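Novice: Here's the letter readout for the chains.
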Amino acid sequence: MAARQSASSKSTSRTRKPSGPGADTYIGWYRDMLLIRRFEEKAGQLYGMGLIAGFCHLYIGQEAVVVGVQSALREGDQVITGYRDHGHMLATGMTANGVMAELTGREGGYSRGKGGSMHMFSREKQFFGGHGIVGAQVSLGTGLAFANAYREDGKVCATYFGDGAANQGQVYESFNMAKIWNLPVVYIIENNQYAMGTSVKRSSSETHLFKRGVSFNIPGEEVDGMDVNAVYEAAKKAVEHARSGKGPYILEMKTYRYRGHSMSDPAKYRTRDEVNEYREHKDPIDLAKKRILDNKFASEDELKAMEKEIKKIVQESAEFAQSSPEPDPSELYTDVLIEA
Amino acid sequence: MPAMNMLQALNSAMDVLLDKHPETVIFGEDSGYFGGVFGATQGLQKKYGLDRVFDAPINEAAIAAMAIGMAAKGLKPIAEIQFADYIFPAFDQIISEMSRLRYRSAGQFVSPVVVRSPWGGGIRGGQTHSMSPEAFFTHIPGVKVAVPSNPYDAKGMLIAASEGDDPVIFFEPKRIYNGPFDGVPDAPLSSWAKHPKGEVPEGHYRVELGKAEIVREGEACTVVTYGTLVHVAVNAAEKAGIDAEIIDLKTLAPYDIETIVASVNKTGRVVVAHEAPRTSGFGAELAAQIQEECFYALEAPVFRLTGWDTPYPHAHEWAYFPGQARFIRALQTVTEAR
Chain U
1298 MAARQSASSK STSRTRKPSG PGADTYIGWY RDMLLIRRFE EKAGQLYGMG LIAGFCHLYI
1358 GQEAVVVGVQ SALREGDQVI TGYRDHGHML ATGMTANGVM AELTGREGGY SRGKGGSMHM
1418 FSREKQFFGG HGIVGAQVSL GTGLAFANAY REDGKVCATY FGDGAANQGQ VYESFNMAKI
1478 WNLPVVYIIE NNQYAMGTSV KRSSSETHLF KRGVSFNIPG EEVDGMDVNA VYEAAKKAVE
1538 HARSGKGPYI LEMKTYRYRG HSMSDPAKYR TRDEVNEYRE HKDPIDLAKK RILDNKFASE
1598 DELKAMEKEI KKIVQESAEF AQSSPEPDPS ELYTDVLIEA
Chain V
62 MPAMNMLQAL NSAMDVLLDK HPETVIFGED SGYFGGVFGA TQGLQKKYGL DRVFDAPINE
122 AAIAAMAIGM AAKGLKPIAE IQFADYIFPA FDQIISEMSR LRYRSAGQFV SPVVVRSPWG
182 GGIRGGQTHS MSPEAFFTHI PGVKVAVPSN PYDAKGMLIA ASEGDDPVIF FEPKRIYNGP
242 FDGVPDAPLS SWAKHPKGEV PEGHYRVELG KAEIVREGEA CTVVTYGTLV HVAVNAAEKA
302 GIDAEIIDLK TLAPYDIETI VASVNKTGRV VVAHEAPRTS GFGAELAAQI QEECFYALEA
362 PVFRLTGWDT PYPHAHEWAY FPGQARFIRA LQTVTEAR
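Quick note, the sequences are listed as chains U and V, same order.
Using this note's numbering, read the first sequence as starting at 1298 and increasing by one per residue.
Using this note's numbering, read the second sequence as starting at 62 and increasing by one per residue.
Hints were generated in silico from the structure; no laboratory data involved.
All figures in this text were calculated on a predicted structure; none of them were measured in a lab.
Backbone N, C-alpha and C fix where the C-beta goes; we use that ideal spot for every residue, glycine too.
Please note that the accuracy of each hint is not assured.
[What the hints assert, rightly or not] Computed, partial: chain V to chain U, Cβ under 10 Å: (1) Phe95; (2) Gln143; (3) Tyr381.
Pulled out of the complex, with its shape left as it was, chain U reads as follows:
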């Protein structure tokens, strides 16, 4: 995705056509979102079949956020997030095979089965996890940004967290440090409106989470996280701000997860109507598809062919995740300390 983005990275709002991003960009977004959705649906199936054990948090509904942000990043920029992380990994270009095999705890997984759904990494893609402790990654991402600034390497760290994590104290310790040192970090709050079963309204005195930066002098804005183009435009501005040395930026992505918090959550804390409203009228993939067809960027048949190709990738990943061997018992003791 980085490659596709770099082709248009020099275009500005003055040079771009008023209709917004071009065909290639939109089709790329659509493809990446669809890959995440089909991957997550398959992960849900494998979980139901008992092939994925433990915890599994699906990203379905929120795809526009990672796909839009990723296309505003450059190669070498870091990404770090919490436990709802499969979409972020696919967006960075990590393979479906490697992610799915980690979910099933196999040798071919990104952490060789040691981490599982919530804990995997890719040095190649500069993906720093995958963290199971709510909010812990916010301070880590700020530290990554410190390293970028120290090295003056022009890299930005995209640090994702949810509306639940936004109440963790260390988030504010991190905001303060990021601003006093003007670190190149973009804080992306994925406000899907529920911290497991607790709505933002019941957990937060100020529910406009982008305003949380005000007392640290960190600019922020609210973004329609169901519209991939709106996400991209906002992320582009925020990333440029961070990269230019002006310090951190907060983006509050208003989004929605269709499934429960995890596989064991029947989501009784919200109404079926509320969920259906998003699924039927605000779905990020449907919206992108409509724009593609309205602008004649691609035909229905071309999109169908793409869907078929994605289905194949996902199917292959499911097969790989079952055929990849279980990690060797000797792996239990490796990677605890550096080996002599």
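Start from chain U and add chain V according to the hints.
Specialist: Same frame as chain U, now just chain V:
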């Protein structure tokens, strides 16, 4: 008496406490409206209102800190940390404030907080949803550490913990919330309804902290353990045909050394077992204390059966967890040693 699983028993304990003591308040992440991630507080907010059973933001440090302040001012807070693995942001508050308030104020203030937290592995939770961090807390003078292993004890111990005047870290073995576990991962789930300790009185009763229980009498060796492994131990002894005496420690700080010493002096052989890693685990404390008190009665080295010195693995959970096969080998090792 009604049959309850551990969650129902804990819920019943909190119901009793809220009803009997107006100073009892219950809060934590998703503890109110949602009723707890595992459902332990279900229905309590509806019954007792938002002032007494409520949701906290995801702020473990502040949850612990708030509870200390409430308790210092006479309330009896029961704070839930959603998984024991999440307790570390609260560690400073527990060590520096909760455990020392009584000492520092020369008894003028106390912090009788109960911190409830689902604990232990066996549910494929990986590194951040499986830990047994009890040894960190047994190392803090000034807090009690309790780990019930069945519904009857869970209710009685939680009531005793909250009615006491000391802070208690109350770890709940989540693997056995819904039924005892014999340490064989693929075996069908057993039910508390078939277990004698699944019978739980409706009303108020206490199981005092600090007292262990011999859950199986025997002559061949002693097993000292707690939580999920109590059931694994009993089943392993039966399966291996080894006449082990099995002690459910129940409270780790302060722990019941008298019961242990009497048993080890009788059997001369001992396995101490826990899920947490081996090095500096609570088993190290038990082994050291047993050799101090029972040195001349011992006929074999004290055997530590533990998780390994690794992060809690995902794929290798059943290699890490001291399940039935490893338990049987441990019993054979200590009983066969000459």
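Novice: A separate judgement is required for each hint: does it hold in the structure or not?
Specialist: Now for the hints, and whether the structure bears them out:
no., hint, verdict
1, Phe95, "holds, 3 Å"
2, Gln143, "holds, 9 Å"
3, Tyr381, "holds, 7 Å"
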